[in-house]
Amino acid sequence: MMLRRSILKFIIGLIFLSNATNLLVFIATGLTAGKPAFVDNSTPSPENLSDPLPQALVLTAIVIGFGIFVFTIALKYKYFETTGTDDLDQLKQTDK
Amino acid sequence: MNAIVLPVIVPFALMLLLIIVRNSRLAQYISVVGSTILLGISIWLFRHLTLKGISSLNIGSWDAPFGISFVLDYFSGLMLITASIIIFALTVYSIYFMEGTHRDNKFYVFLFSLTMGVSGAFLTGDAFNLYVWFEVILISSFVLITLGKTKHQLEGGIKYMALNLIGSLFFLAGLGLLYGKTGTLNMAHLAHILRASEQPILINTSAALFFIAFGIKAAVFPLFFWLPASYHTPNITVTSIFAGLLTKVGVYVLIRFFTLFFVQDQQFWLNLFLIIAGLTMVIGGMAASTYYDTRRILSYHIISQIGYMIMGLGIFTPLAIAGAIFFMMHNMIAKTNIFLVAGLINRVKGTFDLKSIGGLYRQSPVLAVLFILPAFALAGVPPLSGFFAKFVLIKAGIEAGQFLIVGVAIGTAMLTLYSMIKIWNEAFLKKNPSETEANHESTKLRFFEILPSIILGAISLLMGIFAAYVFEFTLTAAEHLVEPAAYIENVLNGLKP
Numbered sequence: 001m002m003l004r005r006s007i008l009k010f011i012i013g014l015i016f017l018s019n020a021t022n023l024l025v026f027i028a029t030g031l032t033a034g035k036p037a038f039v040d041n042s043t044p045s046p047e048n049l050s051d052p053l054p055q056a057l058v059l060t061a062i063v064i065g066f067g068i069f070v071f072t073i074a075l076k077y078k079y080f081e082t083t084g085t086d087d088l089d090q091l092k093q094t095d096k
Numbered sequence: 001m002n003a004i005v006l007p008v009i010v011p012f013a014l015m016l017l018l019i020i021v022r023n024s025r026l027a028q029y030i031s032v033v034g035s036t037i038l039l040g041i042s043i044w045l046f047r048h049l050t051l052k053g054i055s056s057l058n059i060g061s062w063d064a065p066f067g068i069s070f071v072l073d074y075f076s077g078l079m080l081i082t083a084s085i086i087i088f089a090l091t092v093y094s095i096y097f098m099e100g101t102h103r104d105n106k107f108y109v110f111l112f113s114l115t116m117g118v119s120g121a122f123l124t125g126d127a128f129n130l131y132v133w134f135e136v137i138l139i140s141s142f143v144l145i146t147l148g149k150t151k152h153q154l155e156g157g158i159k160y161m162a163l164n165l166i167g168s169l170f171f172l173a174g175l176g177l178l179y180g181k182t183g184t185l186n187m188a189h190l191a192h193i194l195r196a197s198e199q200p201i202l203i204n205t206s207a208a209l210f211f212i213a214f215g216i217k218a219a220v221f222p223l224f225f226w227l228p229a230s231y232h233t234p235n236i237t238v239t240s241i242f243a244g245l246l247t248k249v250g251v252y253v254l255i256r257f258f259t260l261f262f263v264q265d266q267q268f269w270l271n272l273f274l275i276i277a278g279l280t281m282v283i284g285g286m287a288a289s290t291y292y293d294t295r296r297i298l299s300y301h302i303i304s305q306i307g308y309m310i311m312g313l314g315i316f317t318p319l320a321i322a323g324a325i326f327f328m329m330h331n332m333i334a335k336t337n338i339f340l341v342a343g344l345i346n347r348v349k350g351t352f353d354l355k356s357i358g359g360l361y362r363q364s365p366v367l368a369v370l371f372i373l374p375a376f377a378l379a380g381v382p383p384l385s386g387f388f389a390k391f392v393l394i395k396a397g398i399e400a401g402q403f404l405i406v407g408v409a410i411g412t413a414m415l416t417l418y419s420m421i422k423i424w425n426e427a428f429l430k431k432n433p434s435e436t437e438a439n440h441e442s443t444k445l446r447f448f449e450i451l452p453s454i455i456l457g458a459i460s461l462l463m464g465i466f467a468a469y470v471f472e473f474t475l476t477a478a479e480h481l482v483e484p485a486a487y488i489e490n491v492l493n494g495l496k497p
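Line by line, the protein sequences give chains A and B. Mapped onto the numbering used here, the consecutive letters of the first sequence carry residue numbers 1 to 96. Mapped onto the numbering used here, the consecutive letters of the second sequence carry residue numbers 1 to 497.
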């Protein structure tokens with residue numbers, strides 16, 4: 001997707017990449033099945049818990065990513081309005 | 001010590017205040033006052049640092065490896081001071097150089113959110129928190145770069161955004177893997193664990209991801225393409241901020257990470273750094289010499305000079321790292337200054353293109369002096385700051401026996417000198433081409449327009465004359481970086497590495 005010429009498809013590709021990264025973080029930091037991250041005082045033993053930190057990290061990353069992609073799409077829209085094109089090959093003026 | 005968060009809190013408060021203030025004149029005064037306060041705070045913090053040593057703060061009173069900690073050591077203290085000097089100069093400069101949409105409070109809101117991000121990145125002692133600060137910097141720089149909404153700016157903005165986003169994703173992936181392997185994200189705790197462990201292969205995957213991420217941010221050799229494509233598009237004030245701060249944050253983090261905890265497979269990384277430093281220097285310098293737009297020449301110069309900083313990291317002796325830090329401080333100030341002067345030239349002549357301007361020396365001798373200061377500082381002419389920065393780096397290189405990189409560095413200094421002389425010849429000495437005089441009424445510069453440039457020029461002169469004092473601080477900073485025991489102990493409350 002990131003190699004497509006359309007800017008919109010490029011952005012969708014970026015979103016996929018970002019989600020893949022979030023999943024990578026989540027998996028790399030260890031999945032524990034069937035155990036809650038947040039508990040009340042009744043189950044204090046660490047064996048019954050999964051590590052809450054990766055979940056917090058991924059949540060933060062998702063929120064940040066969401067904000068940035070909203071901006072990205074707004075930027076793309078503005079560019080389309082100004083130039084009327086969705087073609088990455090037109091993005092050559094600044095390299096001359 | 002609670003005051004450590006002030007460099008983050010103050011810009012945040014200013015940001016909120018400036019969202020409310022809609023009057024642009026008032027917003028300008030507020031931001032000048034605010035940045036003065038910020039400068040005062042960072043100097044005070046540095047003074048505190050020299051008296052009491054490294055200090056740290058755990059946000060929310062969660063103890064060190066678990067909560068987020070902010071750490072103030074010599075390296076971050078020096079960087080903070082330099083950054084706030086630049087922000088101060090720019091708020092003064094922006095009063096006269098903002099046009100159209102840049103005029104209103106929006107610019108200042110995002111300027112201070114950028115400042116907040118930069119201060120946060122310098123101060124934080126937590127790797128994930130660093131990622132958050134990076135995103136703060138990114139989003140504010142996206143807005144700043146596209147603020148004018150012209151076609152070129154939007155185009156530059158898209159390129160800048162795409163590559164930097166990919167950089168952030170690499171950073172995040174590296175963080176995830178690192179946490180999976182060590183179970184911590186506190187930098188001091190990471191150092192504590194990784195310095196004791198003996199599994200370089202496992203850590204190298206994270207290190208490589210981090211290297212790509214910060215390589216993109218710092219614009220080192222194979223990853224620099226976003227920089228020249230976007231830096232020359234926005235308003236000159238915005239370009240000056242970017243030139244002074246953004247890439248240097250990337251270098252800061254590279255130095256911090258690779259001295260603090262990626263020290264297992266050091267031989268491989270240091271060699272890689274040296275190779276990349278050499279290529280960055282040469283390619284940046286050569287590309288700069290082919291252009292005739294002052295902003296493009298200077299953009300490629302940023303890349304070339306990133307090479308020197310990476311070279312300091314690659315040599316990895318205390319002297320070399322001190323040189324790299326000195327070079328960073330010098331470069332942040334001189335680079336911002338030369339972009340400001342380019343803006344002044346544009347104000348007088350109405351264009352950035354060297355081919356259509358000339359005769360500036362006759363027209364405005366003051367401008368010529370202002371140009372000479374940062375230009376010679378960047379080229380490394382003796383009484384100015386750049387000379388000592390390069391001298392220390394080259395001396396360290398010779399002492400470490402890295403003669404090849406020293407040769408490259410000296411050669412690149414010549415390239416820098418060449419393109420500075422080119423700007424000088426074309427803009428100041430050459431006769432004025434007649435056709436521009438007809439369509440542009442030349443304007444006189446007011447004192448307040450050149451004031452920021454005078455301040456920054458004076459600072460690089462003073463950094464040259466009193467190089468010994470500044471160097472002493474950078475050497476202490478470097479020693480703390482190479483031997484981070486004090487840093488680790490302070491953050492982790494006396495845990496021995």
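Just so you know, not all the hints are guaranteed correct.
Listed below are the simulated DSS-like cross-link pairs for lysine-lysine, each with C-alpha atoms no more than 27 Å apart in a straight line [said to hold, decoys possible]:
id : chain 1 : residue 1 : chain 2 : residue 2
1  : A       : LYS9      : A       : LYS78
2  : B       : LYS106    : B       : LYS181
3  : B       : LYS395    : B       : LYS431
4  : B       : LYS151    : B       : LYS430
5  : B       : LYS151    : A       : LYS78
6  : A       : LYS78     : B       : LYS430
7  : B       : LYS149    : A       : LYS76
8  : A       : LYS76     : B       : LYS151
9  : B       : LYS52     : B       : LYS106
10 : A       : LYS76     : A       : LYS9
11 : B       : LYS149    : A       : LYS78
12 : B       : LYS355    : B       : LYS422
13 : B       : LYS430    : A       : LYS9
14 : B       : LYS422    : A       : LYS76
15 : B       : LYS106    : A       : LYS9
16 : B       : LYS181    : B       : LYS151
Beyond 10 Å from chain A on every Cβ pair, some chain B residues (computed) [stated by the list, open to error]:
id : residue
17 : LYS149
18 : THR150
19 : ILE283
20 : LYS355
21 : ILE398
22 : LYS422
23 : LEU429
24 : HIS480
25 : LEU492
No wet-lab data here; the hints were simulated from the structure. Yeah, the Cβ is synthetic: ideal placement off N, Cα and C, and Gly gets one too.
Against the structure, the hints:
| no. | hint | verdict |
| --- | --- | --- |
| 1 | A/LYS9 x A/LYS78 | holds, 16 Å |
| 2 | B/LYS106 x B/LYS181 | violated, 43 Å |
| 3 | B/LYS395 x B/LYS431 | violated, 41 Å |
| 4 | B/LYS151 x B/LYS430 | violated, 32 Å |
| 5 | B/LYS151 x A/LYS78 | holds, 9 Å |
| 6 | A/LYS78 x B/LYS430 | violated, 41 Å |
| 7 | B/LYS149 x A/LYS76 | holds, 12 Å |
| 8 | A/LYS76 x B/LYS151 | holds, 11 Å |
| 9 | B/LYS52 x B/LYS106 | violated, 39 Å |
| 10 | A/LYS76 x A/LYS9 | holds, 11 Å |
| 11 | B/LYS149 x A/LYS78 | holds, 8 Å |
| 12 | B/LYS355 x B/LYS422 | holds, 11 Å |
| 13 | B/LYS430 x A/LYS9 | violated, 49 Å |
| 14 | B/LYS422 x A/LYS76 | violated, 38 Å |
| 15 | B/LYS106 x A/LYS9 | violated, 30 Å |
| 16 | B/LYS181 x B/LYS151 | violated, 45 Å |
| 17 | LYS149 | violated, 7 Å |
| 18 | THR150 | violated, 8 Å |
| 19 | ILE283 | holds, 15 Å |
| 20 | LYS355 | holds, 15 Å |
| 21 | ILE398 | holds, 38 Å |
| 22 | LYS422 | holds, 19 Å |
| 23 | LEU429 | holds, 27 Å |
| 24 | HIS480 | holds, 28 Å |
| 25 | LEU492 | holds, 18 Å |
The structure does not agree with the numbered hints 2, 3, 4, 6, 9, 13, 14, 15, 16, 17 and 18 stated previously, though it agrees with the rest.
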